[in-house]
Structure formats: C-alpha cells, structure tokens
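If you read the sequences in order, they're chains A and B. Counting in my numbering, the first sequence runs from 1 upward without gaps. Counting in my numbering, the second sequence runs from 1001 upward without gaps.
It should be emphasised that the hints constitute simulated quantities derived from the structure, not laboratory data. Worth double-checking, as some hints may not be accurate.
To be verified - Each computed PhoX-like pair below joins lysine-lysine, with the alpha-carbon atoms no more than 20 Å apart:
| # | chain 1 | residue 1 | chain 2 | residue 2 |
| --- | --- | --- | --- | --- |
| 1 | A | Lys239 | A | Lys198 |
| 2 | B | Lys1015 | A | Lys181 |
| 3 | B | Lys1008 | A | Lys12 |
| 4 | A | Lys130 | A | Lys181 |
| 5 | B | Lys1015 | A | Lys198 |
| 6 | B | Lys1008 | A | Lys181 |
| 7 | A | Lys224 | A | Lys198 |
| 8 | A | Lys130 | A | Lys12 |
As the list claims (entries may be wrong) - DEER-style ranges, computed between Cβ atoms:
| # | chain 1 | residue 1 | chain 2 | residue 2 | range |
| --- | --- | --- | --- | --- | --- |
| 9 | B | Ala1030 | A | Pro244 | 40 to 46 Å |
| 10 | B | Arg1059 | A | Glu109 | 33 to 39 Å |
| 11 | A | Ser148 | B | Arg1047 | 55 to 61 Å |
| 12 | B | Val1044 | A | Glu108 | 50 to 56 Å |
| 13 | B | Val1044 | A | Ala196 | 38 to 44 Å |
| 14 | B | His1024 | A | Gly216 | 40 to 46 Å |
These figures come from a predicted structure and were not determined experimentally. Heads up, the beta-carbon is just placed ideally off N, CA and C, and yes, glycines get one too.
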Amino acid sequence: MGAQVVTITSGKGGVGKTTAVANLAVALAADGARVVCIDADIGLRNLDVVMGLENRIVYDLVDVIEGRCRLRQAMIRDKRLPELYLIPAAQTRDKSAVSPSDMIRLCEELRNDVDWILIDSPAGIERGFKNAIAPADQVLVITNPEVSAVRDADRVIGILEAEGKGTPSLIINRLNQTMVKHGDMLSAEDVLDLLAIKLIGIVPEDDQVIVATNRGVPVALDHKSRAGQAFRDIARRLKGEQVPFMNLEAGSSLWERIIRLGRK
Amino acid sequence: MLNFLKSKRSATSAKERLQLVLIHDRTDLAPAELDALKDDLLAVISRYVEIETEQVRIRLEGDGRSQRLVADIPLRSKTRRRSG
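Chain A extracted, bound-state conformation (with noise of 0.2 Å):
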C-alpha cells in the first residue's frame, strides 16, 4: 500500500503550517502509526525547533539529494513516541538546492517503510512551494480568520487545481470565537463560504499553542489544550474517521461556562 503524502500550505506565511505539520504527526504517531515530516522550507527551517529536535541535527534533506548520507541518516528520530521522524531542511542553502522531482524520488523511496508523510511547506507559491507539493496524495490548506491569509490560500488553492492537484481540504487556524460572537472576526462558515472547499478541521486560538512551541512540545500532546484536541480531530479525519467538529463555544470563558450549564 505505502504511505500517504500529505503536503501542508497556505500561500501566506505565519498562519500556523509548521504548527500544523508537527502536531499532526505527533497525534498520528501518538496513535501506532509510523510518521516521516519533511521541513520543505530550504534557507528557513523551523519544523525542527517547533517539534524540539534542533539540538540532534546531523544531516538535511538537502545532503540526501546531493548523495552526501544515506536518507536513514537524515531521519531524526523523536524520542517520545515509537516511530516518528524530522527530516529537516538545510539552512545554509535556498529553494534551488531541491526539484520538484527530487522531492517525488525522496518520498518514493519511503514510502514503503512509513504509513505518514507530511510535508511542511514554505510560504509563497514559488520553486520551494511547488517542491512541497509535488510528491502530494492530498494537499491540506491552512488559513486564518483573516482577510490577506483568506485571499493567499483562494490564490493557492487556484493554483493547486490548475497543477491537477485537485481540490485541497481546508483547515482554519487561530479562531477566537469571542470575536467571532461580537461580529469582529470572519467565521469558519464565512470563510467556507468564501474558499468553498472541504473542511477537515477548525483550530480555536490558544496561548497553549505558543507556551507548547516555547519548549518544543508539540500541543498535540497536552490532553487539556483545545487547539492540541482540534489537532487531534483532524488527524483522525485524515485516517479517514468521522469526527464531529468541536463546538467552539464550550470553555469560552468560566462564565459562559456556567451559563451552558444552567441551560442543560
């Protein structure tokens, strides 16, 4: 069978795609499955320091390309679960290290060995994006709440239609649905309404989300954080399970808390 590949993008950068990546395979791996995430961003890597594995780096992805280590030297493993790996990206190099077809041979080469694939994506739809994309079974787009993040992923999603990707599914990031309430904030149905594709997840914003990234703790590990139980969802609705969406307005606040409450 192999692996699936699953390539994470957003056009706009800062919206949450190295997040995403590792804790998607963090809560895929956390659950048996053998887990490869591959840091696509050549000259910017940061999927190591989010998943805290940068002090372990020996070999990049660009020294499996140029034939300077084997690929299972490249694979850092993480030592909190069974079977998950970082291969991460150079710093010291740019886009034009890698091709669209490296990328392809790299990931068939591992297929066999993994049932995972994700790759983190550079922001942009240039050389580094088209890498990421290219060895792609299915495209996952991330966005915020917000106008320019909205507008990018509309652009990428165009693109990724028109490279016969077919039709990426959508995960928005960062909701504050007290903003959403007081009419400050798009939606998630506005922004469906607006990018009219598949949702496969809504991530509520989360100062967990940043405290877990400050240790190198993906929040997909913290049992008690909302964003690390949305991660979770969607990786379940990745392996093809049905997962009802979270509602958003449990835990707001202790107050709306005991409101809830008194209606039940």
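With the hints as your guide, set chain B onto chain A.
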C-alpha cells in the same frame, strides 16, 4: 447606541471585500479590464441589434469555486421605437 447599530461589524466588511477581491483574483480580470470587456461586448452586440444601454448589467458572479460572467442586456424593441 444608534451609532453602534449603524456601524457595520468588521467581519461583515471583511467578507464583502473578500468576495469581490476573490472574484477578480480567480478570473485574473482587473476591474478596469472588466469595464473594457463590457464596452467591447456591447459594441459587438450593437452591430446587430439596438441595446437599451442604460439598463445593461454585466458582472462577475461567484458560484462555489467557479465564476460566471452574467450579462443582462435588454434590447430596444422595434414596436416601441415605432410608437416613439
């Protein structure tokens, strides 16, 4: 309070502005080009029939991820012209 009710919520502005921007992004057609297209379209049609120019409505509409150019071009009726 009245002011509060009157001012449009910012999420509504965001959605309305995005709706327009996305239609133009998806078609790669700037508003000025759309105007030029309208003029050309009317010029061609006018070569064959007379048009009620003031009532012409041509616009881009979104339908899921696909866009359509919707043109409503009323023709000047001959009977009306005769009676007028």
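Structure-based check of each hint:
no.	hint	result
1	A:Lys239 / A:Lys198	holds (15 Å)
2	B:Lys1015 / A:Lys181	holds (15 Å)
3	B:Lys1008 / A:Lys12	violated (27 Å)
4	A:Lys130 / A:Lys181	violated (38 Å)
5	B:Lys1015 / A:Lys198	holds (19 Å)
6	B:Lys1008 / A:Lys181	holds (14 Å)
7	A:Lys224 / A:Lys198	violated (27 Å)
8	A:Lys130 / A:Lys12	holds (15 Å)
9	B:Ala1030 / A:Pro244: 40 to 46 Å	holds (42 Å)
10	B:Arg1059 / A:Glu109: 33 to 39 Å	violated (51 Å)
11	A:Ser148 / B:Arg1047: 55 to 61 Å	violated (44 Å)
12	B:Val1044 / A:Glu108: 50 to 56 Å	holds (53 Å)
13	B:Val1044 / A:Ala196: 38 to 44 Å	violated (32 Å)
14	B:His1024 / A:Gly216: 40 to 46 Å	holds (42 Å)
Checked against the numbered hints listed earlier, the structure breaks hints 3, 4, 7, 10, 11, 13; every other hint is satisfied.
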